[in-house]
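Asks: When we follow my numbering, the leftmost residue of the first sequence carries the number -11, and every step to the right adds one.
Rather than coming from a laboratory, the hints here were simulated on the basis of the structure. Take the hints with a grain of salt, since some may be wrong.
Said to hold, decoys possible - Label pairs and their computed distance ranges (CB to CB):
| no. | residue 1 | residue 2 | range |
| --- | --- | --- | --- |
| 1 | Lys269 | Asn431 | 42 to 50 Å |
| 2 | Asp209 | Lys272 | 30 to 38 Å |
| 3 | Asn48 | Asn142 | 37 to 45 Å |
| 4 | Glu1 | Asp125 | 42 to 50 Å |
| 5 | Ile553 | Asp209 | 24 to 32 Å |
| 6 | Lys516 | Lys233 | 53 to 61 Å |
| 7 | Arg82 | Phe412 | 40 to 48 Å |
| 8 | Ser333 | Gly422 | 37 to 45 Å |
As the list claims (entries may be wrong) - Derived lysine-lysine pairs resembling DSSO-like cross-links, with alpha carbons at most 30 Å apart:
| no. | residue 1 | residue 2 |
| --- | --- | --- |
| 9 | Lys143 | Lys167 |
| 10 | Lys167 | Lys481 |
| 11 | Lys63 | Lys249 |
| 12 | Lys85 | Lys63 |
| 13 | Lys57 | Lys556 |
| 14 | Lys131 | Lys30 |
| 15 | Lys42 | Lys207 |
| 16 | Lys42 | Lys103 |
Don't be surprised by glycine CBs; every beta carbon is placed ideally from N, CA and C.
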Amino acid sequence: MKNEIDKWLKEAEENGEIVIDTETTSLNPHLADLVGISLSTKIGRACYIPIGHKNGQCLNQEKVIKRLKPILEDKSIKKIGQNIKFDFIVLRNRGIKMNSMEDTMLMSYVLDAGKNRHNMDTLSEIHLNHKTIAFKDLVGSGKKEINFSEVEINKAMLYAAEDADITYRLYKIFQKNLKLEKLINIYELFEKPLIEILANMEIIGIKVDSNFLENLSIKFDKKIKNLESEIYKLANKEFNIASPKQLGAIIYNDLKIAVLKRTKKGSFATSASVLEDLTFKGHKFPKLILDWRQVSKLKNTYSDSLREHINPKTNRVHTSFLLAATTTGRLASSDPNLQNIPIKSEDGKEIRKAFIAEKGFTLISADYNQIEMRILADLADVKELKKAFKKNEDIHSLTASQVFNVDINEVNQDIRRKAKAINFGIIYGISQYGLAKQIMVSNNEAESFLNSYFLKFPEIKDYMNKTIKFCRRTGYVNNIFGRRSYISGINDKNYNVRNFQERAAINAPIQGSASEIMRLAMIRLNKKIKNMKIKMLLQIHDELIFEAPNNEVKNLCKLIQEEMISVKDSDLHSFATPLTVDINTGDNWGILH
DNA sequence: CCGTTCACG
DNA sequence: ACGTACGTGAACGGG
């Protein structure tokens, strides 16, 4: 049996590449134990090494790991996988530091973001016209679902070997296509380096104070109970507040607070924006619901759930960063999502205080200031915007003075707020209707704001028209660095679908270019700090969180800031607009802003 | 398993 | 006349 493995590894050395796929006890790589490993060195042929099945004859785990390690750590041998960051983390927890990794999921993402998903079942059907053995067929579903370690070895072998073979076939196809489409650089420079960087961030995790969260839960629970009794009193009955159906019946049928409003699909409309309108009618009920919703959200999604994600061995939370989830190049985060931790409300900010630095360490937050507006200035070559950023002016105040025709020193809070909403709207692909709703002015007013906006910044209108035109012709848009986002439905005959896609087309290059800048910054920073005590912990789109030894904080802040700003001038693109980075430090995430 | 709601950038 | 701001993930209800 051992000679058998040696044969595969020898072929890997000869070919300079090997496909690897790990089967484990969990889809969460931080909790997963190895059950088996499949390998392929030639199309149409793959093997399965069972090492953790509960039933049947397995090979000795330690011996297999020891035998595989030198090959997986040999830089001259490519390791090819589908979502290989998962396998990297699983193997890293067993002492193997895999390198020279290739990932078919990321190749597909670079080629086809926005066109289809990038899981193997989808890719196999699209590119190989082959329906794979489903994971569900092996483990079942619902009550009868079993763990992968309980799957019969013979069945697991067929499944795992198929996956390795399909991965190899996909790799060959994508390799060719990336060159053909001239997208190989995006894959090499923006995707591959992130695999190990993100894996290490996930493995390190961030420390979370469980007791602090528990106390918050108790505090939130009291608030919820108080609100509930008030709500039931006004409703004259008890009901499930979390059910829009029941809530709508109370609002529109029992209390008759307002004329019936429905969602697109016909159910009662009870969203925050609707309830906010109703609070203006002087009734106490909608406000109570809004408060209840907010506190319930904080308790259910954060103070309760976050505690369950704390790894008892590390006292830290280990998220998963998703590299191939968005259509624009942004990352996503899950299990738990650490990119949407509350900040806007006072109660919400409390959650952030639970994220703390290790003793003797400090958290450092570094965020790009106004990165999307800066990219827009560059992307659309907006003279006035570029000038303003070079002079380090407040961009919303400038917009306000231009749109509302007042001196920049006479901009008040109200028109600055409106100007800020316009700037956001521009990035999202504005409509007068959307703007009107957002800042609560009439359609006509919103229209006149936009007219004077485009008069002052005519290049932005040109960019929008040009982008949509390009997208209609090609079906996709490019960002500054050449990443492609497919926009399906840009030529749809349905007006609403089409408009929606047009806004997405305008937004994708802006959001996407910003995400690329952050990727470059992470890669540069990683090179600088990889042998230091400071650790990169989180990325929240335009912000990075680090944990650094107290006595090094001052110097490291400078280093981080310099590296992030210097991305402005890379071999790939040079910005005329300067980047600025705000730095904050503290012993918890709550005081970083 | 989908729709609704809401947390973030 | 139409009626949505762009990109996500998680929790929950209800069929």
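Asks: Lying within 40 to 48 Å: is that true of the beta-carbon distance Arg82 to Phe412?
Replies: Given range 40 to 48 Å: holds, Cβ gap about 46 Å.
Asks: Between Lys131 and Lys30, does the CA-CA distance stay at or below 30 Å?
Replies: At roughly 39 Å apart (the allowed maximum being 30 Å), Lys30 and Lys131 break the hint.
Asks: Between Ile553 and Asp209, does the beta-carbon spacing fit 24 to 32 Å?
Replies: violated, 45 Å
Asks: Does the beta carbon distance between Glu1 and Asp125 stay inside 42 to 50 Å, or does it fall outside?
Replies: violated, 35 Å
Asks: Decide if the proposed pair is consistent with the structure: Lys167 and Lys481, CA atoms, cutoff 30 Å inclusive.
Replies: violated, 34 Å
Asks: Is the hinted pair Lys42 and Lys103 satisfied, with a Cα-Cα distance of at most 30 Å?
Replies: violated, 40 Å
Asks: Between the beta carbons of Ser333 and Gly422, is the distance compatible with 37 to 45 Å?
Replies: Once the Cβ atoms are compared, 24 Å apart, the range 37 to 45 Å for Gly422 and Ser333 is violated.
Asks: Does the alpha-carbon distance linking Lys57 and Lys556 stay inside the 30 Å limit?
Replies: violated, 39 Å
Asks: When you check the alpha-carbon spacing of Lys85 and Lys63, does it fall within 30 Å?
Replies: With Cα atoms ~11 Å apart, Lys85 and Lys63 stay inside 30 Å; holds.
Asks: Given the proposed pairing of Lys42 with Lys207, does the C-alpha separation stay at or below 30 Å?
Replies: violated, 45 Å
Asks: Is 42 to 50 Å a correct range for the gap between the Cβ atoms of Lys269 and Asn431?
Replies: Violated - the Cβ-Cβ distance for Lys269 and Asn431, about 22 Å, lies outside 42 to 50 Å.
Asks: Is Lys63 within 30 Å of Lys249, Cα to Cα?
Replies: Since the Cα atoms of Lys63 and Lys249 sit roughly 62 Å apart, the hinted pair is violated (cutoff 30 Å).
Figure legend: structure checked against the earlier numbered hints; hints not met, in rising order: 1, 2, 3, 4, 5, 8, 9, 10, 11, 13, 14, 15, 16.
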